[in-house]
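Those sequence lines, one after another, are chains P and R.
Letter 196 of the first sequence, counting from 1, is numbered 196 in the numbering used here, and no numbers are missing.
Letter 270 of the second sequence, counting from 1, is numbered 270 in the numbering used here, and no numbers are missing.
Quick caveat, the hints were computed from the structure, so don't treat them as lab data.
Among the hints, erroneous ones may be present.
Far from chain P, by Cβ distances over 10 Å, these chain R residues were calculated [as the list claims (entries may be wrong)]:
hint: 1; residue: Ala87
hint: 2; residue: Arg163
hint: 3; residue: Ile179
hint: 4; residue: His265
hint: 5; residue: Val269
Covered stretches of chain P, going by a simulated chain R footprint (3 or more residues, C-beta under 8 Å) [to be verified]:
hint: 6; region: 42–48
hint: 7; region: 55–67
hint: 8; region: 120–134
hint: 9; region: 206–215
hint: 10; region: 234–248
Using N, Cα and C, we set each Cβ at its ideal position, and we do this for glycine too.
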Amino acid sequence: MRSRDRRSFLARAGAVGGAAWLAGCDRLATKSGFAGWLGSSDGLTERVQRSLTARDALAHEYDESAIASSFRANGSINPQAPEYLTLRANDFRDWRLAIGGMVRAPFSLSLDELRALPARTQITRHDCVEGWSAIGKWTGPLLGSILERAGVESAARFVVFRCMDNLGGVGMYYESIALEDAYHPQTILAYNLNDKALPVANGAPLRVRPERMLGYKMAKYLSGIEVVDSLAGIEGGKGGYWEDRGYQWFGGI
Amino acid sequence: MSDVPETPAPPESAAVPVVETPVAAARRWVIYRRRLPVRLMHWINVLCLVVLLGSGLQIFNAHPALYWGDQSNFNDPWVKLGARPSAQSLRGETRIGGARFDTTGVLGTSREADGKLHARGFPSWATIPALKNLAIGRDWHFTFAWIFLVNGTLYLLWSFASRHFSRDLLPDRAELRSIGRSFVQHLRFRHPKGEEATRYNVLQKLAYLVAILVLGPGIVLMGLAMSPYLGPSLDWMVQAVGGRQSARTWHFLAALGLVLFALVHVFEVLVTGFWNNLRSMITGRYVVPVEEVGHAQP
Numbered sequence: 001m002r003s004r005d006r007r008s009f010l011a012r013a014g015a016v017g018g019a020a021w022l023a024g025c026d027r028l029a030t031k032s033g034f035a036g037w038l039g040s041s042d043g044l045t046e047r048v049q050r051s052l053t054a055r056d057a058l059a060h061e062y063d064e065s066a067i068a069s070s071f072r073a074n075g076s077i078n079p080q081a082p083e084y085l086t087l088r089a090n091d092f093r094d095w096r097l098a099i100g101g102m103v104r105a106p107f108s109l110s111l112d113e114l115r116a117l118p119a120r121t122q123i124t125r126h127d128c129v130e131g132w133s134a135i136g137k138w139t140g141p142l143l144g145s146i147l148e149r150a151g152v153e154s155a156a157r158f159v160v161f162r163c164m165d166n167l168g169g170v171g172m173y174y175e176s177i178a179l180e181d182a183y184h185p186q187t188i189l190a191y192n193l194n195d196k197a198l199p200v201a202n203g204a205p206l207r208v209r210p211e212r213m214l215g216y217k218m219a220k221y222l223s224g225i226e227v228v229d230s231l232a233g234i235e236g237g238k239g240g241y242w243e244d245r246g247y248q249w250f251g252g253i
Numbered sequence: 001m002s003d004v005p006e007t008p009a010p011p012e013s014a015a016v017p018v019v020e021t022p023v024a025a026a027r028r029w030v031i032y033r034r035r036l037p038v039r040l041m042h043w044i045n046v047l048c049l050v051v052l053l054g055s056g057l058q059i060f061n062a063h064p065a066l067y068w069g070d071q072s073n074f075n076d077p078w079v080k081l082g083a084r085p086s087a088q089s090l091r092g093e094t095r096i097g098g099a100r101f102d103t104t105g106v107l108g109t110s111r112e113a114d115g116k117l118h119a120r121g122f123p124s125w126a127t128i129p130a131l132k133n134l135a136i137g138r139d140w141h142f143t144f145a146w147i148f149l150v151n152g153t154l155y156l157l158w159s160f161a162s163r164h165f166s167r168d169l170l171p172d173r174a175e176l177r178s179i180g181r182s183f184v185q186h187l188r189f190r191h192p193k194g195e196e197a198t199r200y201n202v203l204q205k206l207a208y209l210v211a212i213l214v215l216g217p218g219i220v221l222m223g224l225a226m227s228p229y230l231g232p233s234l235d236w237m238v239q240a241v242g243g244r245q246s247a248r249t250w251h252f253l254a255a256l257g258l259v260l261f262a263l264v265h266v267f268e269v270l271v272t273g274f275w276n277n278l279r280s281m282i283t284g285r286y287v288v289p290v291e292e293v294g295h296a297q298p
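Based on the sequences and whatever the hints tell you, model everything.
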């Protein structure tokens, strides 16, 4: 009898404990110290992944037959910022990409000038942080060649992408990647998707493709590229729109 | 697992007849069943698996569908936890292959704190965190994946080095031949007694080996196979399992396998002497059930 009582007590304690455990997880994650510890594993993940994959190793490239019949668009798919609508109404003829920050010679490029540069075409798989994948064919100049032309200062560490969409109406979208990913031989500024001008839903007129990262790192609707040595002073300071909202900066997994 | 205690017997067993003599007359036959590293790593593993499952379901909820191949054929997932508006409410619909099931309230749609049905793959009581938050779910998942990986690797190294693996987990030929008999015994809830109960039985050994050598390493590898950054290094593996979305499916199926393993494991722990089993995973001491235990007691 005593043992039965003890058992039912423990069973109840277990049930209560289980519920408290789940609630506790949520509370813990909102406490800055513990959340900070949880989030800090991203740095370890980044270091280990970088050590396991050669700096210039290429993401898998597919055959034409693998291209998805319709390439899913996510996040901002139809920006409504007045400035963007004006540029779009004129087929982005008045749009220019500004390259600046810690570079010796800042400059800007029109869409036609970008299209005149040597370009790379690659059929790659896009992996969204949500879990789905889609294969598409992207065309555009290497980001590395544009950075070389601008002359990156030796103290620089990151490339920040400025965008023309304000997802959810609060703050403009932006992203950042490490210089070594910016110089990766597949990191292009894509103006074409599947041999046609980039559709609005997928980031017209220009999006960046760091092919070994998740979709949210592949900023769309680019207006500027800024080379910096620290992400601390930019927007929320975490290096990206989603990063400022809790997402991992190293979007490699 | 060893018949002979490796540390001095604890006070309560010192008071009873000699530990080493497995005779029916002995009232309590206590063995030191599990060494400290096994016990410690077992409980770290429990914590990791609970967090990894809850946070994994949170991540799954961001796109509650599974595919085969490299990419997502959105029109034809082989598993989908969807929501469908109906006249009265939001119905939860689970699709597996061609079959559709109404799973309102649990899968596809479930109630949140406001008491209303919301479209979400797995319900909030099963996910970490409870509310939809992919970013924090990923933080939990990757942090505990690291702990799981380190703990699991140390366990494998220790198991081989200490011969825990070969002595306690690897079945011999005679045991493999007795699988059928062991299976029938499990179904009849007849559990080994006496000398036989000092070892794991053959089905138990096989279940542990599948979990340790197949499901554990497999779920880690399939998780890594989903990483675009590791793509160039692991491309051979990603292709071998059928592509990135297949890897995501295998990751999910391995998790399902571990859940089934844990359910059977906990069930067996309950029916073969809960306190005795639990104690043996905390202090290491296990009271061997003896055949004529009823007659032996005064």
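Item to check | Cβ contact check, 8 Å cutoff: the region 206–215 of chain P against chain R, three residues minimum | outcome: holds (count 4)
Next on the checklist: Checking a non-interface call: every C-beta of chain P should be farther than 10 Å from the C-beta of Ala87 of chain R. Is that right?
Outcome noted: Nearest chain P Cβ is 30 Å from Ala87 of chain R, so the label holds.
Checklist entry - Would you say the region 55–67 of chain P counts as covered by chain R, given the rule of at least 3 residues with C-beta under 8 Å? => result Coverage by chain R holds here, the residue count being 6 at a Cβ distance below 8 Å.
Next on the checklist: Using C-beta distances, would you say chain R covers the region 234–248 of chain P, given that this needs three or more residues below 8 Å?
Outcome noted: With 5 residues close enough to chain R, the hint holds.
Item to check | Check on Ile179 of chain R being off the interface with chain P, judged by Cβ distance over 10 Å | outcome: holds, 33 Å
Item to check | Non-interface claim for His265 of chain R versus chain P (Cβ beyond 10 Å) | outcome: Fine: 16 Å to the nearest Cβ keeps His265 of chain R off the interface.
Item to check | Verdict on Val269 of chain R as a residue remote from chain P, using beta-carbon distances over 10 Å | outcome: Given that every Cβ of chain P is farther than 10 Å from that of Val269 of chain R, nearest at about 13 Å, it holds.
Checklist entry - How about the region 42–48 of chain P: do at least three of its residues have a C-beta closer than 8 Å to a C-beta of chain R? => result holds (count 3)
Checklist entry - With a cut-off of 8 Å between beta carbons, are at least three residues of the region 120–134 of chain P near chain R? => result holds (count 9)
Next on the checklist: Confirm or reject: Arg163 of chain R is not an interface residue toward chain P, with every Cβ-Cβ distance exceeding 10 Å.
Outcome noted: Check passes; 31 Å lies beyond 10 Å.
Against the hints set out earlier in the document, no violation occurs for any number.
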